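Peer 1: Using the sequences and the hints given, assemble the complete structure.
Number of protein chains: 2
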Amino acid sequence: MRRSIATVCLSGTLEDKLEAAAAAGFDGVEIFENDLIASPRTPEQVRRHCEELGLSVDLYQPFRDFEAVGPEVLRHNLRRAEHKFDLMRRLGTDTVLVCSSVSPDAVDDDDLAAEQLHLLARRAHEHGLRVAYEALAWGRHVSTWEHSARIVERAGHAALGLCLDSFHVLSRGGDIAGIRDVPAEKLFFLQLADAPRLDMNVLQWSRHHRLFPGQGAFDLPAFVEHVLRAGYNGPLSLEVFNDVFRQSAPGRAAVDAMRSLIALEEQLGQRRTAVTGGRPGPARLPSAPEPAGYSFVELAVDDDSAPQVSRALAAMGFAHLGQHRSKPVQLWQQGTARVLLNGGAGERTAVSALAVETADPVRSARRAEMLLAPALSRTRGPSEADLTAVAAPDGTSVFFCRTGAGDGTSWLSDFILTGTGHSAPTGLDRIDHVALAQPFDSFDEATLFYRSVLGLDPQDDTEYAAPYGLVRSRAVSDPGRRVRIVLDGTVLRRGAWVPGVPDPQHIAFATDDIFTCARTMRERGAPLLAVSDNYYQDLDARLGLDPELLAAMRACRVLYDRDGRGEFFHVYTEVFGSRVFFEAVQRVGGYTGHGAVNAPVRMAAHRAARQGGDRSAGP
Amino acid sequence: MRRSIATVCLSGTLEDKLEAAAAAGFDGVEIFENDLIASPRTPEQVRRHCEELGLSVDLYQPFRDFEAVGPEVLRHNLRRAEHKFDLMRRLGTDTVLVCSSVSPDAVDDDDLAAEQLHLLARRAHEHGLRVAYEALAWGRHVSTWEHSARIVERAGHAALGLCLDSFHVLSRGGDIAGIRDVPAEKLFFLQLADAPRLDMNVLQWSRHHRLFPGQGAFDLPAFVEHVLRAGYNGPLSLEVFNDVFRQSAPGRAAVDAMRSLIALEEQLGQRRTAVTGGRPGPARLPSAPEPAGYSFVELAVDDDSAPQVSRALAAMGFAHLGQHRSKPVQLWQQGTARVLLNGGAGERTAVSALAVETADPVRSARRAEMLLAPALSRTRGPSEADLTAVAAPDGTSVFFCRTGAGDGTSWLSDFILTGTGHSAPTGLDRIDHVALAQPFDSFDEATLFYRSVLGLDPQDDTEYAAPYGLVRSRAVSDPGRRVRIVLDGTVLRRGAWVPGVPDPQHIAFATDDIFTCARTMRERGAPLLAVSDNYYQDLDARLGLDPELLAAMRACRVLYDRDGRGEFFHVYTEVFGSRVFFEAVQRVGGYTGHGAVNAPVRMAAHRAARQGGDRSAGP
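Chains as they are written, first to last, in the numbering used here: chain A, 136 to 754; chain B, 136 to 754.
These are computed hints drawn from the structure, not numbers from a lab.
Hints should not be assumed to be uniformly reliable.
Claimed, not checked - Residues from chain B shown here face chain A by an in silico Cβ test under 8 angstroms; the list is partial:
{"hint": "1", "residue": "P602"}
{"hint": "2", "residue": "Y603"}
{"hint": "3", "residue": "L627"}
Unchecked claim - So these bits of chain B aren't anywhere near chain A, every CB distance computed over 12 angstroms:
{"hint": "4", "residue": "R406"}
{"hint": "5", "residue": "S440"}
{"hint": "6", "residue": "Q458"}
{"hint": "7", "residue": "P662"}
Quantities reported herein were computed from a predicted structural model and do not represent experimental measurements.
Built from N, CA and C at the ideal position, the CB exists for glycine as well.
Peer 2: Written out as structure tokens, the structure reads:
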């Protein structure tokens, strides 16, 4: 299928937008009128620019408030249309989007609307153009796709058809199966947008909160399947009004947009939809091998915090098992939880890489690259494993690995197993999750990245008030919960006032006995985070836990959460460097969250620890 | 009246919040439970900290989901309450806020709710405490203040009263006059919040978009007047959940909050409300003298752009009339429009000061300082006028002036009128408005600042899609429109992708003949901004203007807007330095806007001009 994007999806001038769309590989664009109006280029120059970039102009939009008006207003509207038809000719596009009227001039009269749209279509046809009529979800008299379809049918002109927009259709709920019965020749255009479910004015919802497919709550594959089954063979075109994308770098947003369409097409393929179109489809995307867990997580460690991190891992029961053959990288392990400490990255202490265990690393990497994940080149010594990695939206490297003992292609064979630094285990035997603060502009991009590249699905999604502002937290994981990544982001971009831990990242290790684990860790001097006594008093007040359990939690600095399915016990460490810490967690029953409710307590405690540190370091 | 603030209004840890509240002069605080829970300090330590800061703890909040439940849940809830009563004793506060239940456990039974609240009040009373019951606007069974008042009456316990929250009351609309009939002894607490009118889920509206009084659309003075007339004599306490304030510097937000209460009390005084209270009220705020216009606007000019600015002013018909006696400041004038160019500020070219003409500069300055506007000290030579200035939230200096020829106290007497640099006028004879981009965190603070300090009221308020993101634009002015300030702000904090003009500022001069003015300016070489031809074609299509008029607009680079009351013609210049430009405007009829609809076209043109400049400066 051809892939298009409306210029309104992207930030910048019209020129910025066109260049970004072309660079991301789009076939065409919808030109949003205001972008053209503000451009110093003539329509002919824009047309030429598009041609040079290999972009077709698939739609000119929007033309508003046309139909079902009195003769005076109709005359004015036809004159307006003639101007725009002339413009479209110069721009080299043949389809104009006409939105259902929101004007107080419009009357509720389908016959009149149909008659006037017929007139408009006749005029368009004289110019070799056609009119795609779209029901806005907040249209004054026409607000459903069914209603717009009835009017188009009644108007009965070959140059008049429908534009279906997933937001306008899906935001209203209702049955969409009827779309299959729309005659193919009336399906002129298809606009796609996802969105979170929000309880607000639908116009505001549409103008501010649309997302690219796969980033929100709408079932886009089902919707598009109906449209394709009806015989639509035009482009899949994105029209996303989003406050964040409007001010993010357009090149990057265009790649995010393109990734959303590639992933959507894969989902459509899985539905065995007959995909038609004038040209061959894209190369088939290799399916995502189910991730079998974390192979390792790598921390870049700077000289200042490296000793603290090592001491902490040892106190937490990790053994320093090996050393990389050619790089200053240490392998630490306990159970199947492996942490690499990379002292040669020249970076501040941070989570630098996630490695996902996959049956077929090459296939996983090929899939990632076809989904436009930037491939990372990596220096490696002779006979070292060829680790393939891509960059996640926050810059973290994502590796695809197969960990096999005695397997020469395993990344493990790059390490000399020294067996030094042995440490008695504490029962932390696997990685439960990795939590990564996301840059403000790429939160939704990250969701789609992990969803499409690794096949992880969004799980719990929560928002909480933290000491320095609202935070949203969204977990993505495979169905088996073997690779769980928590994406944290601020609801607004942070300003200068952030005295807490900026952009925190942490690795949570799982245990089946948190109390023994925590007690052992404390005895060995692990820097467990002190928790406010007020926290335990509130727990007691709210939940009336067994006093012995509560006493143990207090003694071991264990925090607590529960949901309808189970319980969650967890302990944090202090921060190493400026942003990284560890967590030990125990899940009981079917608890599926990650203790987000306790994050504000953790943040305040990290802040207090830091202030204490500042004080002790003071004069 | 005593003034309090809920800790939830401010960013930071509990300690940050308390210190900010005390520094801004609050008498007391409401302690929001989550702030205490996250704090490493014990309740006794918090109490002592508050005492040291001179703050009383006026309320502990919130206690949720108590009433109208079965016996099992009731037992649990009473246990929970006993824990919190103990905590309150340690914290040194005597009132707890109980919100109407949102729990599915609650049944719709006023008798049961009253009976159980009676029980709770009895327990509270035994601890010397009292319970303030508040109807949440989204309460499950109790969502109006009238309903909560009926239940409190039915419960009939002296330790049970009402908490009235302006948001919960005013967000629902309805009649509020009945508040006057509530017995004074049942009015335990009053929480104040303003808000913009938004069409969305009321819980989300409340949690994210509350504002301090005077920043939103609610009629707080009328509401508070009813409460005071009923005999309430507790504190005026702010409870504002706002995404921006939650992450802004708390010291500054607390000052903004305090300013909102001082201004509110003035409005209450104007309503001749009997203000009661245990201690003398604050010193009386001098009323705002009506501003008679701009005395001048001062531009800081750096060496690079100073010659361009001077040339532009000359070409626009301004005469270089005088030179400051002791500073490198030039006076330029045309009609009553005066621009000072200050080459000695050591700053990049920017609007550094507004001066407002007032009958009584001393009174204006005293008012500003009592409204916590930071006073600016200013070096002045002997016998120079004592210009009093305060800093607006964006750092712009605001002067209060009286401009009198031959008046020794006039700021004009600080200038030696050289009479050099005469230039034939172009008909720009006054300042129409000054537009200032506001820092993201202080947009609402700026509205309140100009409203309270200068007595300017918010006029048109608009939001538009600009090339680099959404922008909101709000004009504030006196009723006579003699001092009109346009506050521009981005809807989200900008990130790194801002290739346009950052934080634009401009001065708009008014003329009664824009075409003659623009033509003359062009002839004299004023750097008028080129406007996209697409803009004029769209104007033609949309409005069908007289072709001659349109041709003149095109030739003169004049942009156009109209509303139901009149028309607006305007011309922009190019940017001087990195952010300042000029505008010439003509208002016809009663047009009250400021041409915001054309701002995106202007921004794209400024961007194109800059790129052109970059190119011509390139290799």
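Peer 1: Evaluate the condition: distance from the CB of Q458 of chain B to the nearest CB of chain A exceeds 12 angstroms.
Peer 2: holds, 39 angstroms
Peer 1: Please check whether Y603 of chain B passes as an interface residue: C-beta within 8 angstroms of a C-beta belonging to chain A.
Peer 2: holds, 6 angstroms
Peer 1: Since P662 of chain B was said not to touch the interface, does its Cβ keep a gap of more than 12 angstroms from each Cβ of chain A?
Peer 2: holds, 16 angstroms
Peer 1: How about P602 of chain B: closest beta carbon in chain A under 8 angstroms, or not?
Peer 2: Holds. Min distance 5 angstroms.
Peer 1: Quick check for students: does the CB of S440 of chain B sit more than 12 angstroms from each CB in chain A?
Peer 2: holds, 23 angstroms
Peer 1: Checking hints one by one. Is L627 of chain B an interface residue toward chain A, by the C-beta closer than 8 angstroms rule?
Peer 2: It holds, given that the least Cβ distance between L627 of chain B and chain A is near 6 angstroms, below 8 angstroms.
Peer 1: Beyond 12 angstroms from every Cβ of chain A: is that where the Cβ of R406 of chain B lies?
Peer 2: R406 of chain B clear of chain A: closest Cβ-Cβ about 34 angstroms, beyond 12 angstroms.
Every hint, counting from the list given before, is met by this structure.
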